[in-house]
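Enquirer: Letter by letter, the chains look like this.
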Amino acid sequence: MDRRSFLAAASAVALAPAAGRAQSAQITGAGATFPAPLYAKWGEAAQRAIGVQLNYQAIGSGGGQNQIRNRTVDFGASDAPLTAEQLQQSNLLQFPTVMGSVVPIVNIPGVEPDQLKLTGALLADIYAGKVTKWNDPRLAENNPGVGLPNLAIAPAYRADGSGTTFVFTSYLSAAAPEWKQKVGAATSVRWPVGAGARGNDGVAGTVRNTRGAIGYVEYAYAHTNRLTTAQLRNKAGNFVKPTMASFQAAAGNADWSVPDFAASLIDTPGAESWPIMSPTFILLPTNPQDVARSASVMRFFDWAYREGKQLAAELEYVALPDQVAEAIRKAWAESVKGPNGQPGWPAR
Amino acid sequence: MQQAATIPPPAPPIVARRHAGSLSDAVFALSCGAAGVLVLVLLGAVIVSLFLGGWPALSAFGAGFLSSTEWDPVQDVYGAGVSIYGTLVTALLALALAVPVAFGVAFFLTEVAPAWLRRPVGTAIELLAAVPSIIYGMWGFFVIVPVMASTIQPAVIGTLGELPMIGALFAGPPFGTGILTAALILAIMVLPFIAAVMRDVFEAVPAIYKESAYGLGATTWEVVRGVVLPYTRVSVVGGIMLGLGRALGETMAVTFVIGNANRITPTLFGPGNTIASLVALEFPESQMGSLKLSALLALGFLLFIISFAVLAISRWLLRPRAAGR
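These protein sequences, in sequence, are chains A and B. Using my numbering, the final residue of the first sequence is 348, and nothing's skipped along the way. Using my numbering, the final residue of the second sequence is 673, and nothing's skipped along the way.
No lab work stands behind these hints, which were simulated from the structure alone. A portion of the hints provided could be inaccurate.
Unchecked claim - In silico contact screen, one side only, chain B against chain A (beta carbon under 7 Å); selected entries:
1. 381
2. 416
3. 420
4. 494
5. 524
6. 629
7. 633
8. 636
Said to hold, decoys possible - Using C-beta positions, here's what the derived DEER-type ranges look like:
9. 477/B to 150/A: 42 to 48 Å
10. 321/A to 411/B: 35 to 41 Å
11. 314/A to 511/B: 54 to 60 Å
12. 151/A to 417/B: 41 to 47 Å
13. 472/B to 40/A: 49 to 55 Å
14. 150/A to 482/B: 45 to 51 Å
C-beta atoms are modelled at their ideal positions from N, C-alpha and C, and glycine is treated no differently.
Start from the sequences and build out the full structure, keeping to the hints where you can.
Expert: Structure representation (structure tokens):
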């Protein structure tokens, strides 16, 4: 074990009596950066509540997938779901933890937050370089009464490979067949126009610096930094604002009865649904070498589904519906088995 | 340069313990030799592992990998054309901006500045080289980019951008980031390296040549142009190559300000990408065994080859010359 985990173990032993707990379990995870702030909060709270200490490294979804395939961590985390074959091949169980949303942000002189109304097709055409001016008739048609200037549109995107880009391009692919055919959806794509920046902060900085810019960031980031977000038209044809209410509506309308919990929250039905949302996933080995550590991972997320909703809401994430959490517990009991076939869940 | 003039210290007196001395000599020679060989082995291992890792991409796309401008992770098609172009253009532009200034600095420090000013200015230039590149990147993104986006680029697009022919170089939306901004940051980063080499070689010009020229009535500029530059020409080029090597491999600072687009645009304000920044951005989301990871390793191999060639040339040009002329 490396020095850090030795120190962590030493401090856990030192702190355990103070917390009134005899045992302290350590789990390690690596992967997606998008849920990392929440996992950190959950980790702190869970250590006090159930004595499970989480060491999570936000190295990106691709890195998380690599690490769990090599079994160098107890669980991997990924924003993009793996395919059934990939899961089968690496003996992994996939389950979601929370949902997050992606919102468009703009910098147009004279346009207030949530004033601009956009559609998926318009967003795709803006990022394809077909709509190039803010006073384009198609934009004006959706925005009567908004003074849109004769200003070039400067699209900004995430230059680093990211789950946010995967979610956003999934939405553009769903909204515009031509985007799906020419560009597609992935953690990084071949953007036809625009400039890239690193991370949410890079995109937000580029949009702030550039008159006429448009970008996309995670809602939590837009909310805490009070960025100028825009409305989107959902599947039901209504323009919705990016608010917790519209996220909850979308989450409630998702179809979770799909294999591997790989539910799509892109363009969900419902009058109030926000169209760009995504769950973020955990990858857990179905054949753990150390069943006790694997059980600790499940205890951790079991606790998070029951007690972590408040923390999730504080950080602008959307918690999973209870029936989904129940289905996940069932999947744990069925799938995760130790070397001798002993079940990893319910944890003992 | 100065070491050559110092007298070597007298050899220590040899005392009786001849046997022990020869053993420790052998151990010393062996361990020094091992350290030297280790570096060569490490270098070779890096090249080999980059090449082996990049081989799937190189064999899949063939020679077209070098020239193809496609970089499409969705279709799994990769080419190095855009990033090679971006790497070379930003590095050469950076040199075009940095070399005249570096020459001015070196000239000032060796010929013009009063003696008491030479050390502080020289130290300040060397300190510029010690600033971590992430600092240059953040400074570029938060200070230079807004200035470029709000003032410089709109003004240039409105004036030079309207001209025929060269207007294409200064067109496009004013993002603030782009090839030119990256070259500007790179120029500041390589400036101290080039200036330091130039100053050292200017100082190495034998005083007698300069004094002779002054004695014939030459002005300071004539001495520099007619005596100092011809005498140091090769070393100056070597110093410039050293700066070029640094500019080619710079990663973080460029990533912040280049705009990160895998397209070749004719305009200097347009976004681009360099090999190093593309690898830094795409590496965390590349899966083991994927063609994308292989393409990134192949890019690393190409950068290694380019940098190695540039540094080898600079070493060769900067080699100590046996006798003056």
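Enquirer: Each hint should be assessed against the structure and marked as holding or not.
Expert: Comparing the hints with the structure gives:
1. This hint is violated: residue 381/B has a C-beta 33 Å from the nearest C-beta of chain A, more than the 7 Å allowed.
2. Taking 7 Å as the C-beta cut-off, the interface hint given for residue 416/B is violated, the closest approach to chain A being about 12 Å.
3. At its closest, the beta carbon of residue 420/B sits 4 Å from a beta carbon of chain A; the interface hint therefore holds under the 7 Å criterion.
4. Checking residue 494/B against chain A: minimum C-beta separation of about 5 Å stays under 7 Å; hint holds.
5. Against a cut-off of 7 Å between C-beta atoms, the interface hint on residue 524/B holds, since the closest Cβ of chain A lies about 5 Å away.
6. Taking 7 Å as the C-beta cut-off, the interface hint given for residue 629/B holds, the closest approach to chain A being about 4 Å.
7. Because the smallest distance between the Cβ of residue 633/B and any Cβ of chain A comes to about 3 Å, under 7 Å, the interface hint for this residue holds.
8. The restraint placing residue 636/B at the interface with chain A holds, with a minimum CB-CB distance near 5 Å, inside the 7 Å limit.
9. Our hint of 42 to 48 Å for residue 477/B and residue 150/A holds, since their Cβ atoms are close to 46 Å apart.
10. In this structure the hint that residue 321/A and residue 411/B lie 35 to 41 Å apart at CB is violated, the actual value being about 54 Å.
11. For residue 314/A and residue 511/B, the Cβ-Cβ distance of about 55 Å falls inside the hinted range of 54 to 60 Å, so the restraint holds.
12. Take residue 151/A and residue 417/B: their Cβ atoms lie about 29 Å apart, and the range 41 to 47 Å is violated.
13. Between residue 472/B and residue 40/A the C-beta distance comes to about 42 Å, which lies outside the given range of 49 to 55 Å.
14. A hinted range of 45 to 51 Å for the beta carbons of residue 150/A and residue 482/B is inconsistent with their spacing of about 39 Å.
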